[in-house]
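Protein chains in written order, with my numbering: chain A, 346 to 469; chain B, 2 to 454.
Treat each hint with caution, since some may be false.
Said to hold, decoys possible - Dumping the calculated DSBU-like pairs for lysine-lysine here, alpha-carbon to alpha-carbon at most 35 Å:
{"id": "1", "chain 1": "B", "residue 1": "K352", "chain 2": "B", "residue 2": "K148"}
{"id": "2", "chain 1": "B", "residue 1": "K55", "chain 2": "B", "residue 2": "K3"}
{"id": "3", "chain 1": "B", "residue 1": "K336", "chain 2": "B", "residue 2": "K25"}
{"id": "4", "chain 1": "A", "residue 1": "K462", "chain 2": "B", "residue 2": "K22"}
{"id": "5", "chain 1": "B", "residue 1": "K137", "chain 2": "A", "residue 2": "K462"}
{"id": "6", "chain 1": "B", "residue 1": "K3", "chain 2": "B", "residue 2": "K25"}
{"id": "7", "chain 1": "A", "residue 1": "K410", "chain 2": "B", "residue 2": "K25"}
{"id": "8", "chain 1": "A", "residue 1": "K410", "chain 2": "B", "residue 2": "K148"}
{"id": "9", "chain 1": "B", "residue 1": "K336", "chain 2": "A", "residue 2": "K462"}
{"id": "10", "chain 1": "B", "residue 1": "K137", "chain 2": "B", "residue 2": "K336"}
{"id": "11", "chain 1": "B", "residue 1": "K22", "chain 2": "B", "residue 2": "K137"}
{"id": "12", "chain 1": "A", "residue 1": "K410", "chain 2": "B", "residue 2": "K336"}
{"id": "13", "chain 1": "A", "residue 1": "K462", "chain 2": "B", "residue 2": "K3"}
{"id": "14", "chain 1": "A", "residue 1": "K462", "chain 2": "B", "residue 2": "K55"}
{"id": "15", "chain 1": "B", "residue 1": "K137", "chain 2": "A", "residue 2": "K410"}
{"id": "16", "chain 1": "B", "residue 1": "K336", "chain 2": "B", "residue 2": "K352"}
{"id": "17", "chain 1": "A", "residue 1": "K436", "chain 2": "B", "residue 2": "K55"}
In case anyone wonders, no lab produced these hints; they're calculated from the structure.
It should be emphasised that the depicted structure is a prediction, and the values quoted were computed from it without experimental measurement.
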Amino acid sequence: MQNDLSHLQDYLPVLVMAFVALGFVVTTMVLTHWLGPKRKTKIKSEAFECGIESQGNARSPFSIKYFLVAILFVLFDVEVIFMYPWAVIFKDLGLFGLLEMFTFMGLMIVGLIYIIKRGALNWD
Amino acid sequence: MKELVITSLLGIGVLAFDILKLRKFILPLIVVGLLAVVGASIVDWGMNENLFGKNMIIMDNYALGFTSILCLLTLAWILTSTDYFTNEISRTDLYALVLFALCGGYVMCSYTNLVMLFIGIEILSIPMYVLAASNKRDMLSNEAGFKYFFLGALASSILLFGIALVYGATGSFQLDAIKNVLATAGSGTIMTAGILMIFTGFAFKVGIAPFHMWTPDVYQGAPTVITGLMSTMVKGAAFAAFFRLYYLGFTPTLEFTASIFAVLAGLSLIVANVMATIQVNAKRLLAYSSISHAGFMLAAVMTADSMNPRMLMYYVLVYGIASLTSFNVLYHVSKFQNGAEGFDAFKGLVKRNPVMAGAMTLSLLSMAGIPPLAGFMAKYFVISHILERGYTWLVIIMVLTSAVAVYYYLRIIVSMLTPIENAGRIVSTDSNRIGLLVLSIAMVAMFFLAAFV
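Excised from the complex, chain A in its bound form (with noise of 0.2 Å):
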């Protein structure tokens, strides 16, 4: 029953790089925070935003239109990132390869067409 206890050496450095890294991340906070001068104005506590003077609200509503249009290109992203790996490998895949990659394609363009058709994309 011991057999996969000492598994658990394997995982050993996994642990210790995680102590470390949180380590780093407590260890530098503190000793900034501790260490350095602490002079706090309104100006410099105010969200940084490349040096405008921020306005508003964040949290006000955003159009749906946004979210459709950031949501349909995360999958045309994700289309592009399968290319690459298949890239890599184009030569040694050969025909079969560029089908298959073709097929893939094919896929997604009735996806794409569909979408239109449903005016996924009409901004007004």
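Assemble chain B onto chain A, guided by the hints.
Structure of chain B alone, referenced to chain A:
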């Protein structure tokens, strides 16, 4: 392979037909496609086809049996609720999502690798989250989708953590390799933790007490037609996956987990049936009834080492048919009464639509387990098997809670028989009428066909 390819192409085909303005032909396309899947699983019977490399998915007879059951249930579901789809603007989305979810169901009943199990669960779950919230203007539907998504994601993450721990302990995702390690080396601390986490994840997904809290809210909030799909196809696929895990992989661990299974099965039966008696909403009552059936099916999973999987298939099919019918009738009844879902909504149904009243009566009696309806045989198989294995106390709970169940099912039946004045007829489409008749006949016929299980 054919089954998966046909169903996923069917989903794409539905979208393509919508683009090409062939909306009239979408329904025939789905019917033909799903029948083709059943045909393909008959052709593949006994072939043990190995998909996606070595031992990722094996289309054995277990998988093909569940594939055709899920497929037939979905087909019956679509044909009995055509009037729901004709009123929906986004019906193409609904059709496509259901078909993609069905693909996930196939993967869940044919996996031999834990990674495939996880992928299957996600393919099934994500469309279901969307479908639960598909009634966009209704707050309850939104709540249902939100709750289903968050608790489903939590359950998935627990399951995934469990899979990772099992991998850490055995060095493999393959069910047969895990079984070998368990049989030779036994299970150590990490393995036990992993197995219990996987079990918890599954218990969440199938809605077993004490992880059932989301079930009544989600079932009640989601559109009734979608709830019908959740309690048949989704539940069937989840139990197929659960049983397969213990049938092919974790069999040796049943020695120490069987007692946990038995306690949770008993708890589900007691909690679900006691809670169901105090419900005033028929939809919520059916949700609790589905939890009590989950208790029965969990008892089947508990004895996966000695039980014939056909008995679980029979249970899933019989419960699926009964549940499908009852949710379908509930949908039509509440549609004609401004969404009323109380028992009063059923008043005078015998006069208002005899076919629906008959089908509803048969389905409720089948769920209660009264002969000569198939539900009796389904419960009989489970009870007789666990009695052989010596769980007398669990059998006593099952029988007692079934008696309680008769009480609350009869409340709906009594309501249907109560006459009311000046009530209009509840109209239904031809396909709905024929569908309900076929399902009613199936409920009786399967009682007599049980001898072949």
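Cross-check of the supplied hints:
1. Proposed proximity of K352(B) and K148(B) is contradicted: the alpha carbons are some 38 Å apart, above 35 Å.
2. With a CA separation close to 18 Å, the supplied pair K55(B) and K3(B) stays within the 35 Å bound.
3. In summary, the hint linking K336(B) to K25(B) is supported, as the alpha carbons are separated by about 24 Å, within the 35 Å threshold.
4. Annotation: proposed proximity of K462(A) to K22(B) holds, straight-line Cα distance about 10 Å (limit 35 Å).
5. Distance restraint check for K137(B) and K462(A): the Cα-Cα separation of roughly 20 Å lies within the 35 Å cut-off, and the hinted pair is therefore satisfied.
6. Of the pairs offered as hints, the one joining K3(B) and K25(B) holds, with about 26 Å between alpha carbons and a cut-off of 35 Å not exceeded.
7. For the hint pairing K410(A) with K25(B), the CA-to-CA distance comes to about 30 Å; that is within 35 Å, so the pair holds.
8. Between K410(A) and K148(B) the alpha-carbon distance is near 24 Å, which keeps this suggested pair within the 35 Å criterion.
9. In summary, the hint linking K336(B) to K462(A) is supported, as the alpha carbons are separated by about 30 Å, within the 35 Å threshold.
10. Of the pairs offered as hints, the one joining K137(B) and K336(B) holds, with about 17 Å between alpha carbons and a cut-off of 35 Å not exceeded.
11. With a C-alpha separation of about 24 Å, the suggested pairing of K22(B) with K137(B) holds against the 35 Å cut-off.
12. About 32 Å separates the Cα atoms of K410(A) and K336(B), which keeps this hinted pair within 35 Å; it holds.
13. Under the criterion of a C-alpha separation no larger than 35 Å, the hint pairing K462(A) with K3(B) is consistent with the structure, at around 30 Å.
14. Of the pairs offered as hints, the one joining K462(A) and K55(B) is violated, with about 41 Å between alpha carbons and a cut-off of 35 Å exceeded.
15. Between K137(B) and K410(A) the CA atoms are separated by roughly 16 Å; this keeps the pair inside 35 Å, and the hint holds.
16. Between K336(B) and K352(B), the direct Cα distance comes to roughly 17 Å. Compliance with the 35 Å bound is thereby established for this hinted pair.
17. Annotation: proposed proximity of K436(A) to K55(B) holds, straight-line Cα distance about 24 Å (limit 35 Å).
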